[in-house]
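K.L.:
If you read the protein sequences in the order shown, they are chains A and B. Just so we're aligned, residue 837 is where the first sequence starts under my numbering, counting upward by one. Just so we're aligned, residue 85 is where the second sequence starts under my numbering, counting upward by one.
Read the hints as simulated data drawn from the structure, not as lab findings. Incorrect hints may have been included.
Covered stretches of chain A (chain B as the covering partner; in silico rule of three or more C-beta atoms under 8 Å from a C-beta of chain B) [unchecked claim]: (1) 860-872; (2) 903-912.
Selected chain A positions facing chain B (Cβ under 8 Å, derived; list incomplete) [as the list claims (entries may be wrong)]: (3) 839; (4) 842; (5) 855; (6) 878; (7) 891; (8) 898; (9) 915; (10) 916.
Model, not experiment: these values are computed from the prediction. Just so you know, even glycine gets a beta-carbon here, dropped at the ideal spot from N, CA and C.
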Amino acid sequence: MIEVSTDWYLTLAAILFSIGFLGMMIRKNALIMFMCIELMLNSVNLTFIAASRHFGTIEGQISVFFVLVVASAEVVVGLAIIVSIFKKQSSASVDLLRTIRG
Amino acid sequence: MEYVIQKKAKQWKKSKKVLDIVLFAVPASLVILGALIVIFAKNPVHNSMGLVLTLASLAVIYITLNATFVAMVQILVYAGAVMTLFLFVIMMIGVDKPEQTREEIKGQTLLVSGTLFILIGIISYVVINSGFKWDLWFPPVDYSLEGTPNIIAGTLFTEWVLPFEVISLLLIVATAAALALAYDTKPGKKK
Numbered sequence: 837m838i839e840v841s842t843d844w845y846l847t848l849a850a851i852l853f854s855i856g857f858l859g860m861m862i863r864k865n866a867l868i869m870f871m872c873i874e875l876m877l878n879s880v881n882l883t884f885i886a887a888s889r890h891f892g893t894i895e896g897q898i899s900v901f902f903v904l905v906v907a908s909a910e911v912v913v914g915l916a917i918i919v920s921i922f923k924k925q926s927s928a929s930v931d932l933l934r935t936i937r938g
Numbered sequence: 085m086e087y088v089i090q091k092k093a094k095q096w097k098k099s100k101k102v103l104d105i106v107l108f109a110v111p112a113s114l115v116i117l118g119a120l121i122v123i124f125a126k127n128p129v130h131n132s133m134g135l136v137l138t139l140a141s142l143a144v145i146y147i148t149l150n151a152t153f154v155a156m157v158q159i160l161v162y163a164g165a166v167m168t169l170f171l172f173v174i175m176m177i178g179v180d181k182p183e184q185t186r187e188e189i190k191g192q193t194l195l196v197s198g199t200l201f202i203l204i205g206i207i208s209y210v211v212i213n214s215g216f217k218w219d220l221w222f223p224p225v226d227y228s229l230e231g232t233p234n235i236i237a238g239t240l241f242t243e244w245v246l247p248f249e250v251i252s253l254l255l256i257v258a259t260a261a262a263l264a265l266a267y268d269t270k271p272g273k274k275k
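Working from the sequences, and respecting the hints, build out all of it.
P.N.:
Okay, here's the thing in structure tokens:
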């Protein structure tokens, strides 16, 4: 009988990270790219919690809280930037951004 | 009598293992399904619903990993607050606009496939090379720590109190920045 070991969780986290990375690369909508960042951050959280159980320490779960806070701060600022970009050029596509280019 | 009890205990252990596998496999497949919806759906609302599916299934996995408080916070903060924010912005931007698919950067698809190939190659190399022997290299401890609010607070507010305060500062700065970005300067006023 096979047992659910920490490897399974780590593999799931790796798959989730790869999917997030793929989405980050192939999508052009800035909103979807933010969702993909969330996917990657969540895969890291899963790694933290799996390691926390594996080693019997609570620090992994505390790191998850810090990741959570940083993620929500990033979402708040990022979405505000997207909205202000959208007001200017009425599109959320990252490829059309030319404003920073000199 | 003794024999019957032993037999029952053995059966229970076996069914617990099956239960463990089911409790991992079902949420894990839902996590991957949600993630695929996030990156492949065309409608932004569908994308965000896929993200909700992923986050909720991850919360289930956290519960099986003894991290109950983190699971609850995951539901409240991620599936609740962050997704509400996403939906707000989707509604502000509008969902009818088709995504523009023309390549602005030449050779983008090729570059992406190459990078992905390398990334997946590295991951599978590491996985195959380790041969699922993580437990042998780093033996797990036999006690397990329940992530209750008591235990988390006990460490968070003693050893980790300085990072905790710093991160509250980060939140305030982010809120102020979002306000400053979203604040509409009146027309006619100098920017």
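K.L.:
For this structure, which hints from the list above don't hold up?
P.N.:
none
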